[in-house]
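Listed below are the residues making up each chain.
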Amino acid sequence: MELGTTRTTRTATASPGKKIAEKGLSLFGKLILLGYAVGTLYPLYWLFISAFKTNEDFFNNPYALPKEWKIDNIFRAWDLGDMGRGMLNSTFVTLTSVILTLVLGLLAGYVLSRFQFRFKKIVVSLFLAGLMIPIHSTLVPLFLMMKEVGLLDTYGALILPYTAFELPIAIFLSMGYMASIPKEIEEAAMIDGNGWWGIFGRIIFPLCTPIIATITILAFLRFWNDFSFALVFINTQALKTLPLSLALFSDGFGTDYALTMGAMAIAVIPTIVVYLILQDQIMKGMVAGSIKG
Amino acid sequence: MPTAVRSKGFIALALLPALILFVVFVIVPIIWSAYYGFFEWKGIGATKFIGLDNYREILQDHIFWRALKNNMILIVSAIVGQVPIALILAIVLLKNSFFSRFVRSAVFMPMVLSTVVVGLIWGYIYNPQFGLVNTILEAVGLESWSRAWLSDVKVNMFAITIPINWSNIGPYMIIFIAALQNISPEIDDAANIDGAQKGKKLFYVTLPMIWSTVVVTLVLCISGSLKAFDHVMVMTHGGPAQSTELLATYMYNNTFRVYRYGYGSAVSTIIMIISALLIGINYILTRKKAD
Amino acid sequence: MKKMQKMSLMLLIMMFIISACGNSGDNKKAEGEVTKKDDKVKLTVWHNFAGDDLRAKAVRSLIEKFQQDNPNIELDAQAIPPDGYRQRLSTVAAGNELPDLFFVYAGSHSAELYKAGLLQPITELADQNPDWKAKFLPGAFDPYQFEEGQIYTAPMGMSATSFLYYNTAIFEQYKVKVPTTWDELMTAIKVFNDNKMTPIALGNKAPWVAQSTIIGAIGERVTGTEWFKNASAQKGAKFTDPEFIDTLGYFKQLVDNNAFQEGANSIDNTQAEQYFIQGKAAMMISGAWSLTNLAASASEEQMKDIDVTVLPSIPGGKGDANSITGGAGAGLALSKRTEGATKEAALKLIYAVSGPDAQKAIAESNSMVMYDTDIDQSKVSSLYYKAFNLVKKTNITPVYDAYLSAESGEVINNGLQEIMTGGTLESVAQKLQDAQARAVTP
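Chains as they are written, first to last, in the numbering used here: chain A, 106 to 398; chain B, -9 to 281; chain C, 168 to 609.
A hint or two may mislead.
[Stated by the list, open to error] Cut-off 27 Å, straight-line C-alpha distance, at most; resulting in silico cross-link-like pairs (DSS-like, lysine-lysine):
#1 C/K209 x A/K252
#2 A/K175 x C/K527
#3 B/K85 x A/K225
#4 C/K207 x B/K38
#5 A/K135 x B/K190
#6 C/K419 x B/K38
#7 C/K485 x C/K224
#8 C/K224 x B/K38
#9 B/K(-2) x A/K288
#10 A/K288 x B/K191
#11 C/K485 x C/K405
#12 B/K144 x C/K510
#13 C/K419 x C/K224
#14 B/K85 x A/K135
#15 C/K207 x A/K252
#16 C/K510 x A/K252
#17 C/K224 x A/K175
#18 B/K144 x C/K419
#19 C/K282 x A/K252
#20 C/K598 x A/K252
#21 B/K144 x C/K515
Hints were generated in silico from the structure; no laboratory data involved.
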């Protein structure tokens, strides 16, 4: 919160340039933006009203408010999908993977953006390759590998591949971001007697709040919503994550939309909360951070 | 020099955990999968080494080329659609006012929604009988333009790019917002004192400052578009008659629906090769621009 | 060089750690799996009766009952989301990690598992219960007899895929006769179109729908079962034969006469059912699954006008017009690796979910079975009851994808969409012929 206020003062005082840009946003521009925002919010609204409809109502009046608010959908989806446990598992798996992704990704991103060493190009290309693989083609090899080392059917079977697959994005985003942090900052810190760990921990890491928040949001979404890995690598009911609950109410021949929408409405709430919390962090630029203070 | 020694240790310790985890869980499966590409294998049962036959067959299959073309449509639409719109939104919404925060949150919301919901909503919008698009066209007297947007093979691939772009603008926007935080106000001020016009400022001041991030987003666009899967699976299943087939759905169908695991693996290897080529080209182009 | 050494050392350590945590997990499992030590028999089963529909609930309660009746069996029953079931099973099969019992579909799905040597027959169960076996309808075991004299599962249901559902109110309103011949059907289509009413609702986004519900039924009427089985086996008949071109031609006639609503290829099955039940289409050609879906999502008011019959006959056809495409439904298959007491328990469970009582329970959950059983009319919907009796009176003829290879199935699915978007009959027939020929000659 404290930082938040610092940030606000910055926009208010330190950056007249942006103020001009914002003033330039005419009423017309604002209206367009507002229209766009309504268009992007509508599906969310639609999901929530649909979650309270009967199947009949869902099809007969797709846009209207529910004729009768079926709160029951939510409870039934929650019970039938065992969503309480799914929520706990998803939370644990997602948080652990996000933290791992951040720590490993930022460290690696820092090294790759700041240091020159022999195998750097190879390392960067390797990580780049990780962006390109469609995950479905890795299912069988990963399954066989994790079977060999006995990792299947543990939280690790999700946490480790999640982290590994998200690392390239984390690394490239942090590399791109760190490239614009002036080197002078580190040189000054070096003179102050900080080692690299100190510089990273005390100077660079705090400066990276916006990109940390960005990576967290992207990673959170990916892990929270993953269906394929969760479907294949987890066997025990007790370890199942949320996306498996969402798919329960549809077979190849038909879908129970009342329950599906109910379950989705439940599952989407944490992601919205996380986004809303983190979006303010994205705005905490380095100027608001420690550079001068 | 003591720092040099210390930095070597730092490099190793900071990089290795990420690298090892990544190599074990991503690179090894990639290589493994590429290896299957040389076999005729159903995913179960016996394997038979067939060398490059899978690759030969892929290159002769016109569905593969159609999928590739569709992926190219996605890439182009992402580069000319998602990236500029996201950048403009990021610049316009940089303020911390209530209005900006509201619009910023709204723009991101399609991303948090399940693809199933996105698919349903856009299915309604494009519905030929009572969909929004056709209703509007009829209302403004362009009835002859109305059609079954997702079934008409002449237009459906383009129709699909809109929801995909619409969903993906959010993440690129926040990536740009994060990057824009790093432009120091002094430079901004200087540009303003020079009386740079807004458009010029964008090109000569803002863009170069966040160029490394722009390059990253382009890479994400290319690789993301080549892997695109969910939206098409939900909206058209790659049809009708495989008209909206993408490389990833082509790969998936071969792997899990018709039990041609080896063939599917070869397709994903080709996806990676194409991705690498395009990213290489992107790298060359963007580097020249930056100089 | 030093760096390389360090790196490989780290790699080794990492692998060691991973395998260490892994092994502990493995041991845990191994302890549980040893059946000789503790007296409890451990049995794992995967199915996809995961949802909230009546059939899923009925099967789940059968499994629960089995659990209660057999306290000495420790049952691990997993309901897997149907949308991901095949993907999960394929991956796990690649790692040879299948559970003792698992749900398999008739057709290429179970055939591929058999060919890979992952299944074992359950013939002994049928031999122990001859009365039970005898009461299955003709053809019930056809898709599961991979070898002479051996059966690999007992179907828990029947797939009946080509009912003609129609809205009596709309037929009355426009004074149209419910079609019993192809010409009558074409007349009906014309009348409905003239009145801006969609004749037939179709949701063919997942492209198996038109194939499963329509083409097999037309095919039967035009070519007869014999020809189709020969063509599937590529013995003395080919999909490029004029019979099959004719079959596709009838389908094209429907397309050309705007029998289906615009955009049929971009809405799904459920949406088409809703389009029909809301009175926006006069007919729908669909399988027994629509009975279940409609029972769950339509009002009494909507349902009272709906009736069900067989598709009309085709003049000069070689096949049986009083027929519905269908066949044995899915069943639980037994893994090759399952032995001893676990196998005993597994067979017991198969009987529990497909025995006489189970068949009755499933039939009374508004779901067709491949078993001669009587149902309590008061327990089922009236439309289902009609369909149930209709099936008893008609012949069951093959659904195409139950006999074609997986690849050919995809080819004909996509081929029908191609015809709907302007493709030629000959090229579709040729592609199907090529794919099936590839599948048959190894």
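We went through each hint and held it up to the structure:
Pair hint C/K209 plus A/K252 holds up; C-alpha atoms about 20 Å apart against a cutoff of 27 Å. Straight-line distance between C-alpha atoms of A/K175 and C/K527 comes to about 33 Å, which puts the hinted pair past the 27 Å bound. Distance hint between B/K85 and A/K225 is unfulfilled; the C-alpha atoms sit about 38 Å from each other, more than 27 Å. For the hint pairing C/K207 with B/K38, the CA-to-CA distance comes to about 42 Å; that exceeds 27 Å, so the pair is violated.
Restraint check for A/K135 and B/K190: satisfied, since their Cα atoms lie roughly 22 Å apart, inside the 27 Å limit. The suggested pairing of C/K419 with B/K38 is violated, with an alpha-carbon distance near 41 Å, which exceeds 27 Å. About 41 Å separates the Cα atoms of C/K485 and C/K224, which puts this hinted pair outside 27 Å; it is violated. A hinted pair counts as satisfied when its Cα atoms are at most 27 Å apart, and C/K224 with B/K38 does not qualify at roughly 43 Å.
Restraint check: the Cα-Cα separation between B/K(-2) and A/K288 comes to about 18 Å, which is no more than 27 Å; the hinted pair holds. Between A/K288 and B/K191 the alpha-carbon distance is near 24 Å, which keeps this suggested pair within the 27 Å criterion. Taking the CA atoms of C/K485 and C/K405, the gap is about 16 Å. The hint holds against a cut of 27 Å. A distance of roughly 55 Å separates the Cα atoms of B/K144 and C/K510; the hinted pair therefore is violated under the 27 Å criterion.
Using a Cα cut-off of 27 Å, the hinted pair C/K419 and C/K224 is violated, with the two alpha carbons roughly 40 Å apart. Straight-line distance between C-alpha atoms of B/K85 and A/K135 comes to about 13 Å, which keeps the hinted pair within the 27 Å bound. With a CA separation close to 26 Å, the supplied pair C/K207 and A/K252 stays within the 27 Å bound. A distance of roughly 24 Å separates the Cα atoms of C/K510 and A/K252; the hinted pair therefore holds under the 27 Å criterion.
Between C/K224 and A/K175 the CA atoms are separated by roughly 21 Å; this keeps the pair inside 27 Å, and the hint holds. With a C-alpha separation of about 20 Å, the suggested pair B/K144 and C/K419 falls inside the 27 Å cut-off, and the hint holds. Pair hint C/K282 plus A/K252 holds up; C-alpha atoms about 23 Å apart against a cutoff of 27 Å. At most 27 Å may separate the alpha-carbon atoms for a hinted pair to count; C/K598 and A/K252 exceed this at roughly 39 Å.
Restraint check for B/K144 and C/K515: the C-alpha separation of about 55 Å exceeds 27 Å, so the hint is violated.
When the structure is compared with the earlier hints, violations turn up for hints 2, 3, 4, 6, 7, 8, 12, 13, 20 and 21 and for no others.
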